Amino acid sequence: MKLLAGIEQPDEGAISVNGGAVLIPNPRAALSAGIAIVHQELSLFPSLGVTENIMIGQEPRRGRFWIDKVAMRKRARDLLDSLGATDIDTSSTVGDLPLAQAQLVEIAKALSTDPSVLILDEPTSALSITEVEHLLSVIDRLRKRGASIVFISHRFSEIERIADRVTILRSGEKAGEFRPGTFNRDEALALMLGETWRKELSTRSAEAFTGDAEATVLQVDDLTLVPHFADIDFKLRRGEILGFTGLEGQGQKELLFAIFGLFRKGLHGKITVGGDHLLPRHPRESISAGIALIPDDRKTLGGFLNLSISENIAITVLESLRSALIINRRAEADLVDGYIRRLSIKCTSSAVSLGSLSGGNQQKVVVAKWLARKAPVYMFCDPTRGVDAGARAELFAVIRELAASGSAILFYSTDLSEFAQLCNRVLVFRDGRVSGTLDGPEIVEQNILDLSFKEAVHDAA
Amino acid sequence: MTQHDSLRRGASGRPRRIEKHIGPVSCTIGLAVVMALYAIRQPLILSPFGLTSLANVSVPLALAAIGQTVVLLGGGLDLSIGAQITLVNCFAATTMHNGVVSITTIVLLSMTIGLVMGLLNGIVVAYGRVEPLIGTFCTSFVFGGAALIILPRPGGSIPASFATALTGNMGILPFSLILLVSAILLVWVPIFKSRLGGFIVAVGDNSESGRLSGLPVRRVELVSYMLSGLFASIAALFLAAETTSGDPTIGSIYTLNSLAAAVLGGVALTGGRGTVIGPVLGSFLLSIILNALGAFNVSSFWQSFIEGLILMVVLGLGGLRLLRSGSWLAVLRS
Numbered sequence: 001m002k003l004l005a006g007i008e009q010p011d012e013g014a015i016s017v018n019g020g021a022v023l024i025p026n027p028r029a030a031l032s033a034g035i036a037i038v039h040q041e042l043s044l045f046p047s048l049g050v051t052e053n054i055m056i057g058q059e060p061r062r063g064r065f066w067i068d069k070v071a072m073r074k075r076a077r078d079l080l081d082s083l084g085a086t087d088i089d090t091s092s093t094v095g096d097l098p099l100a101q102a103q104l105v106e107i108a109k110a111l112s113t114d115p116s117v118l119i120l121d122e123p124t125s126a127l128s129i130t131e132v133e134h135l136l137s138v139i140d141r142l143r144k145r146g147a148s149i150v151f152i153s154h155r156f157s158e159i160e161r162i163a164d165r166v167t168i169l170r171s172g173e174k175a176g177e178f179r180p181g182t183f184n185r186d187e188a189l190a191l192m193l194g195e196t197w198r199k200e201l202s203t204r205s206a207e208a209f210t211g212d213a214e215a216t217v218l219q220v221d222d223l224t225l226v227p228h229f230a231d232i233d234f235k236l237r238r239g240e241i242l243g244f245t246g247l248e249g250q251g252q253k254e255l256l257f258a259i260f261g262l263f264r265k266g267l268h269g270k271i272t273v274g275g276d277h278l279l280p281r282h283p284r285e286s287i288s289a290g291i292a293l294i295p296d297d298r299k300t301l302g303g304f305l306n307l308s309i310s311e312n313i314a315i316t317v318l319e320s321l322r323s324a325l326i327i328n329r330r331a332e333a334d335l336v337d338g339y340i341r342r343l344s345i346k347c348t349s350s351a352v353s354l355g356s357l358s359g360g361n362q363q364k365v366v367v368a369k370w371l372a373r374k375a376p377v378y379m380f381c382d383p384t385r386g387v388d389a390g391a392r393a394e395l396f397a398v399i400r401e402l403a404a405s406g407s408a409i410l411f412y413s414t415d416l417s418e419f420a421q422l423c424n425r426v427l428v429f430r431d432g433r434v435s436g437t438l439d440g441p442e443i444v445e446q447n448i449l450d451l452s453f454k455e456a457v458h459d460a461a
Numbered sequence: 001m002t003q004h005d006s007l008r009r010g011a012s013g014r015p016r017r018i019e020k021h022i023g024p025v026s027c028t029i030g031l032a033v034v035m036a037l038y039a040i041r042q043p044l045i046l047s048p049f050g051l052t053s054l055a056n057v058s059v060p061l062a063l064a065a066i067g068q069t070v071v072l073l074g075g076g077l078d079l080s081i082g083a084q085i086t087l088v089n090c091f092a093a094t095t096m097h098n099g100v101v102s103i104t105t106i107v108l109l110s111m112t113i114g115l116v117m118g119l120l121n122g123i124v125v126a127y128g129r130v131e132p133l134i135g136t137f138c139t140s141f142v143f144g145g146a147a148l149i150i151l152p153r154p155g156g157s158i159p160a161s162f163a164t165a166l167t168g169n170m171g172i173l174p175f176s177l178i179l180l181v182s183a184i185l186l187v188w189v190p191i192f193k194s195r196l197g198g199f200i201v202a203v204g205d206n207s208e209s210g211r212l213s214g215l216p217v218r219r220v221e222l223v224s225y226m227l228s229g230l231f232a233s234i235a236a237l238f239l240a241a242e243t244t245s246g247d248p249t250i251g252s253i254y255t256l257n258s259l260a261a262a263v264l265g266g267v268a269l270t271g272g273r274g275t276v277i278g279p280v281l282g283s284f285l286l287s288i289i290l291n292a293l294g295a296f297n298v299s300s301f302w303q304s305f306i307e308g309l310i311l312m313v314v315l316g317l318g319g320l321r322l323l324r325s326g327s328w329l330a331v332l333r334s
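Protein chains in written order, with UniProt numbering: chain Z, 1 to 461; chain W, 1 to 334.
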């Protein structure tokens, strides 16, 4: 994908567009060769307007020099309308738009060059279910107009819904291909993962909690934070994996962040950890109460990308590793190597930088950082975002092991299929409130969706 | 759910829109207050002569601040503006003679020197990948050193005709304001009506997106520094006309002041956001405050102390806005 975009250069081989071989030394050349890309990490300018974002580099001009603002606005409007995004105002600032609308702006921007090939790199990874459905119908419409589209996704349901032909890539090699109408989930999964993980995933279903029902570690009563969530009550027990599910953006993420002390004001209610009351205003308070957060955004929140693996892991326990003012490097190395083995973090040495690891392994390092502090409560906030299927399975194994060793887990994901694989119990969120609880085998996507929409239907009636 | 969404969007959308105008608006208010206080103590300031002298102290800073703003919009920083002004000032004062041919030649040469100094900054920062803070700090010594070689101590001369043409006045209309407005109309406006201006702002807002969108990111950065050099050279020519001589220390105050004026006028230090009117108003406000301090016999030591305080407060205000938000994430992500 990066080769086609002109971001990286091929070692060998050739790229042809419409039958002619092209060289793509930089992103500009990709555009003029007729390849447009919708990047996973959007390539937008948050301070600029929608029109400017869509038309940048393609500005219509009057004469040689002046930009024709009227024509530019009209073209942006047309592009958005053709995507069915009639509700996006071309004069609003992109940084103010919700992610789903920004995604559509990004697609309109890619279309502004009239590309022969449109590449979408995991365009749905940050979208909610309804938004995904809308995006897929947009892509359908583009296909009917004769566009050639490469759609990259980890989610089978989207592939089944949208793709004519499917190519499976594993570790940089083509692992297999499905001709139109022959796509099959089990086979695809096997191709993606190799044989090792196949059994693990396909046989797994949710299990009810079997531990000590009285061993409450974390209790939350009437927790409210306007406008994100209200009146949240739950108990979390030792060894339990509790999921926060529902459609995206119903307050699940904010609830985790609030428990971790990321909101400075407005939090009301009661949080009890190990018998102590807590209403954290700063992550320091939550950390010292024994709560750990593994966030979705590793780049800015979870770790120090330029520091080594060992520095990342040891950072939360430096205090305990030092004698007088000197840090005991030998003890640090032992500790770090232990975690690298236990979580099977794939790396050449503990001295390489966190940024050089794959997403899944970065996430494991962040987990290890908290393991070193022996936190009783772990909160995972969409930990598999941008993580491939193999690493995800390994990460899940780590989470299960944590639970088995007596920690309590809160889990939130934007991928509904993950809850069934992992959780003992889920709370379904709708509009900042819990609209239902599912236990063990009840945790299937259909039930989650029913509860997610139940009240919405009720409201409409 | 829709109610939730609107709540959230309102929370993030509204301040941004206010933010866009807050710099220019507060500068205008500040300017009115300062002028009123000044006029009460010294009514003569409202005479044609008084207004012209205020315009003349403000215009060089305004020109420097516009140059700084172009670089800031492009996501950079120019700490060599003061030294660029000094070098061009010394060059003009040692070479300009009476006569239309000499004056025209030197003005054009001065502006070329400005562009070349900007080119050097641009090469160092955009192609040499040196942090703007360090890169332009280094080049400032090159430019300042060159100025000292040309003119080791204050001296040189500027033809009276050139001086009057730039610093005189016609009734209450100072020629310096005409110079400022023409510089904006002839340089700023065409650039920001063409794609180049859009590219500068886009690259400053998010250079990675710029690259992915196929923009010539490095060339755009280079050009932003060249424009800064151009504005610095115009400021230097005006200063030469005002003092009718050259001075190898004359530019030094303009580095920090141009930054302060731009920030006062609402230009974001992080790039991509700002107007031209904001820094101009900021320059007038800052210059007039400093001028008033001088007129009221505040010692020059206090002047620089107060100037530093103003700068600190202005730069700090941006951070204060963040602390009002309820989430630590907003603070982290800014």
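These are computed hints drawn from the structure, not numbers from a lab.
Incorrect hints may appear among the rest.
Derived CB-CB ranges, DEER-like [unchecked claim]:
1) Z:D334 <-> W:F301: 53 to 63 Å
2) Z:L305 <-> W:P190: 37 to 47 Å
3) W:L309 <-> Z:R281: 28 to 38 Å
4) Z:A215 <-> W:I134: 50 to 60 Å
5) Z:G63 <-> W:L133: 48 to 58 Å
6) W:T28 <-> Z:S356: 23 to 33 Å
7) Z:S356 <-> W:I178: 56 to 66 Å
8) W:P154 <-> Z:S356: 28 to 38 Å
9) W:I178 <-> Z:G146: 33 to 43 Å
No experiment lies behind these values; they were computed from the predicted model shown.
Each residue gets a CB set at the ideal place from its N, CA and C atoms; glycine is no exception.
Hints, verified against the model:
Judged by the Cβ atoms, the range 53 to 63 Å given for Z:D334 and W:F301 holds: they are separated by roughly 59 Å. A beta carbon spacing of about 42 Å between Z:L305 and W:P190 agrees with the range 37 to 47 Å that was offered as a hint. Range check, W:L309 to Z:R281: Cβ separation about 31 Å, and the 28 to 38 Å hint holds. Checked against the hint of 50 to 60 Å, the C-beta distance between Z:A215 and W:I134 comes to roughly 57 Å, which is consistent with it.
Z:G63 and W:L133 have their C-beta atoms about 39 Å apart, which leaves the hinted 48 to 58 Å range violated. Distance hint check: the CB atoms of W:T28 and Z:S356 are about 51 Å apart, inconsistent with the given range 23 to 33 Å. Checked against the given bound of 56 to 66 Å, the beta carbons of Z:S356 and W:I178, roughly 58 Å apart, stay inside it. Hint check: W:P154 to Z:S356, Cβ distance near 56 Å, so the stated range 28 to 38 Å is violated.
Between W:I178 and Z:G146 the beta carbons are some 57 Å apart, a value that contradicts the proposed interval 33 to 43 Å.
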